[in-house]
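Participant: Throw the hints in and build the complete structure from the sequences for me.
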Amino acid sequence: MSLLEIKGMTKRFGGLTAVDQVDFHVDEGEIVGVIGPNGAGKTTVFNIVTGFYDIDEGEMTFDGGSLIGLKPNQVTKRGIARTFQAIRLFPAMTVLENAMVGQHCRTRAGLGGAIFKGPRTIAEEKKIREAARDALAFFGKRLSPVENELAGSLSYADRRRLEIARAMATEAKLLLLDEPAAGMNPGEKEGLVTLIGRLRDEKGYAVVLIEHDMPVVKGVSDRVTALDYGKKIAEGTYGEVAKNPRVIEAYLGARHEETA
Amino acid sequence: MAVTEVKQRSPRQLATKFGLIAGIASIYFPVVGITERFNDRTIVDGVLQLGNAIFFVIALAAGYIVAKPRPLPGEEPEPPGPNALLYGALASAIAGLMTGLFVLLADSVNLRPVLISVTGGLIERLSYGGSAASAVLIMIMGGAALGALGAGLQLISTKLRRPVVIALGTALLISLTEPLLNAILREVLSQMGLKNNTSWLYEGGGLSVTGAILVLILTFAGMSWWTTRGSGVKAAYKQRPEQQRKMIKGGALLLAGLFLVYLPQILTSFLAEILGTVGLYILLGLGLNIVVGYAGLLDLGYVAFLAVGGYSTALFVSERSSLGWALPYWQVVPLTIIIATVIGVMIGAPVLRLRGDYLAIVTLGFGEIARVIVLSDWAAPTLGGAQGILGITAPEVFGVDLRDPQNLYYAILACVAIVAFISWRLSRSRVGRAWNAMREDEQVAEAMGVSIIGYKLLAFGTGAALGSLSGMFFAIKLGSVFPSSFNILVSINVLALIILGGMGSIPGVIVGSFVLVGLPELLREFGEFRLLIFGTVLVSLMLLKPEGLIPSRRRQAELHIEEVEEELFEKRADSDGPEPAVT
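Chains as they are written, first to last, in the working numbering: chain A, 1 to 260; chain B, 261 to 843.
Hint data in this document are derived by calculation from the structure and do not stem from the laboratory.
Here the structure is a predicted model, which means the values were calculated and not measured.
Any given hint could be a false lead.
Here are the simulated distance ranges between beta carbons [said to hold, decoys possible]:
hint : chain 1 : residue 1 : chain 2 : residue 2 : range
1    : A       : Met214    : B       : Pro333    : 52 to 62 angstroms
2    : A       : Arg12     : B       : Trp585    : 52 to 62 angstroms
3    : B       : Ala516    : A       : Arg198    : 28 to 38 angstroms
4    : B       : Ala516    : A       : Arg120    : 26 to 36 angstroms
5    : A       : Glu171    : B       : Leu440    : 52 to 62 angstroms
6    : A       : Met214    : B       : Met606    : 49 to 59 angstroms
7    : B       : Ser744    : A       : Gly112    : 33 to 43 angstroms
8    : B       : Ile598    : A       : Arg120    : 17 to 27 angstroms
Even for Gly, the Cβ is constructed at its ideal location relative to N, Cα and C.
Facilitator: Pasting the structure below:
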């Protein structure tokens with residue numbers, strides 16, 4: 001059974017069907033690339049899975065349990081963590097604190113714990129710190145040395161990295177990365193490909209990434225799904241999808257206007 | 261850097277501009293009556309009166325500002341040359357000319373029907389004993405001299421300038437707070453068994469000549485030591501191991517605590533009273549700081565919780581309340597806190613989906629509703645309506661009656677210490693981090709597993725509980741509660757003191773309370789100009805330090821993020837070349 005299983009996902013915004021009968025699945029330890037032109041509904045799929053939008057029709061199960069009706073924080077607790085297309089860190093918190101927030105759903109200390117700071121809270125705080133540092137350490141010398149800097153002062157690529165680190169700190173099984181390569185230079189993109197590979201090989205994450213940059217998609221994806229106008233138009237290995245006439249048509253926009 | 265043509269005024273234009281502004285200012289003060297009102301206030305006995313000092317300060321400042329180097333962006337500031345003296349003099353001479361002409365005008369035409377403050381006495385004072393015609397000359401020459409002096413401050417090195425400016429400012433401040441400080445000083449001296457003769461410092465309602473010299477020399481010496489050695493001391497402190505730094509910090513806190521405990525012994529009862537009020541506002545500020553500063557929920561109806569605290573205390577304690585239970589305080593305190601928390605959550609629940617301005621408007625409404633309910637016929641039988649509830653007996657703690665302002669001060673101090681400690685612990689906890697994340701970006705916080713609903717309600721509830729404590733002391737302090745005490749101005753004041761002190765910062769709340777609540781009380785001797793001065797101080801503070809007096813690191817970062825990014829940009833431009841790839 002797949003880790004994430006989506007059947008017939010449909011989402012309408014007024015008259016517009018943003019996601020139309022999409023079937024989608026991710027197996028454990030698999031990297032799936034999602035491609036498609038702007039407005040194809042890729043990010044909408046992420047938003048539905050993570051609980052930001054309600055699903056109109058269809059089934060979603062993760063790790064054997066249904067995701068329907070869960071709030072974003074509950075989805076995160078189940079083990080799905082995401083990053084955002086436009087980087088959304090907590091800019092006025094430190095790098096380490098950003099990652100520590102990721103641990104929120106795995107810990108329990110409340111008001112009383114905060115005020116009295118008993119042994120349980122201290123131990124938990126230590127665990128949070130360690131888990132956050134672990135996540136930062138995954139990025140080598142990029143984030144760990146600046147853990148006490150404010151996240152808003154990081155370079156662009158480091159902000160992207162911190163977003164991934166923060167998602168890792170939630171102890172998720174599945175990471176949803178929304179255009180992680182956007183705004184990176186060729187060298188950094190190459191690094192990203194290696195990094196996503198390491199996420200699977202070293203840490204055992206399953207990864208879904210939305211990406212426009214084809215070399216990156218080609219470099220990391222075990223499987224690629226193409227969306228257009230909310231519909232799934234192709235699925236398979238990168239080679240298969242890239243040759244698919246409907247995908248080529250969607251990207252080049254050929255004949256769409258004529259047939260419509 | 262993309263610099264679209266920077267408009268560079270010639271020094272002469274600048275001098276004229278600031279001269280005109282200074283001129284308008286130095287006419288404004290006498291015209292509205294400030295000069296006359298302040299004239300009996302001494303700055304330095306027998307040398308300087310506050311009324312005259314206003315023109316001196318304006319003329320000095322005009323020269324100082326005109327001579328300030330104005331480098332183009334990216335340029336090193338050039339040290340001002342001797343020409344700056346000339347332009348400084350020009351600016352203040354213009355101001356002097358304007359004032360002089362005004363005196364001439366006022367002397368020949370009777371302006372009193374329009375400007376009631378322009379009396380014969382004022383004109384005489386402004387002409388410094390001579391005729392009105394000679395006043396023009398005196399004003400121009402005096403202005404020019406002062407302007408040149410002010411400009412001269414820019415010529416000397418920074419190391420010298422700062423101590424001079426600060427010494428002058430300190431002297432002015434110490435002189436202006438004479439009524440307060442002199443009383444305290446006398447008390448301290450007599451308690452130490454010395455003669456309470458303070459004429460070495462104060463005389464005739466201001467600094468004595470010796471006092472002025474003493475203050476100037478001491479501040480100057482202290483400040484020049486700090487400007488040359490201060491960075492070294494700071495660096496040495498930073499190099500100390502963590503353990504020692506903690507001890508130094510703890511020691512400083514302990515000293516401050518001892519000072520606060522000792523304070524009522526040397527204060528007049530009027531000041532002790534003010535201190536109690538400041539304490540109440542600190543409590544309120546710390547509570548609201550959790551809601552606004554930590555969790556980012558702009559609450560404009562915080563006074564509601566002051567009212568809840570006050571009224572529930574009154575209801576349970578007073579024999580003359582509708583309940584008439586007269587419960588002991590050890591039952592009243594937890595009851596009040598529970599009631600406030602429940603009401604806080606109840607108010608929080610309907611506004612969970614609102615953000616920013618919308619939340620502010622709705623909470624503003626709740627604040628008013630609280631007052632209106634108390635006043636309403638429906639609640640009047642229980643809460644006493646406009647007559648309020650009287651007869652709130654003060655608690656006795658270990659045989660100490662808290663009605664006495666001094667004892668109440670200690671109770672409030674202890675409570676402030678506890679609440680400050682709670683806030684501090686919260687800010688560095690999992691809960692505090694979740695609140696901060698929520699404040700920074702609600703959606704992302706939710707995506708990271710923070711339950712937005714839960715943490716918003718927690719923030720409202722905690723804030724309400726802490727605010728109700730303040731209400732309880734308020735009721736004890738006055739012995740009665742009335743709906744009119746709980747108006748919207750309280751909410752605004754509490755929010756203002758948080759912003760003034762620095763959002764999210766505990767020391768900021770404390771300092772903000774002293775400035776916002778204490779300062780207007782100390783300014784009482786200035787009568788009708790009290791709020792004018794107070795407003796000026798507030799506006800200038802917010803212009804100079806928009807992040808607040810003692811900002812938390814986050815807040816500072818938010819307001820200066822551009823600078824950080826600029827710096828970063830330059831840093832990267834320096835190291836050039838693409839970043840190496842991640843491995």
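Participant: Work down the list of hints and note, for each, if the structure agrees.
Facilitator: Evaluated hints:
1. Distance hint check for Met214/A and Pro333/B: the Cβ-Cβ separation is about 42 angstroms, which falls outside the suggested range of 52 to 62 angstroms.
2. Hint check: Arg12/A to Trp585/B, Cβ distance near 59 angstroms, so the stated range 52 to 62 angstroms holds.
3. The given range of 28 to 38 angstroms is broken by Ala516/B and Arg198/A, whose C-beta atoms sit roughly 51 angstroms from each other.
4. A beta carbon spacing of about 32 angstroms between Ala516/B and Arg120/A agrees with the range 26 to 36 angstroms that was offered as a hint.
5. The supplied range of 52 to 62 angstroms is met by Glu171/A and Leu440/B, whose beta-carbon atoms lie about 58 angstroms from each other.
6. As the Cβ distance of Met214/A to Met606/B is approximately 55 angstroms, the hint placing it in 49 to 59 angstroms holds.
7. Restraint check, Ser744/B to Gly112/A: a C-beta distance of roughly 37 angstroms satisfies the suggested window 33 to 43 angstroms.
8. Roughly 25 angstroms separates the CB atoms of Ile598/B and Arg120/A, a value that falls within the hinted 17 to 27 angstroms.
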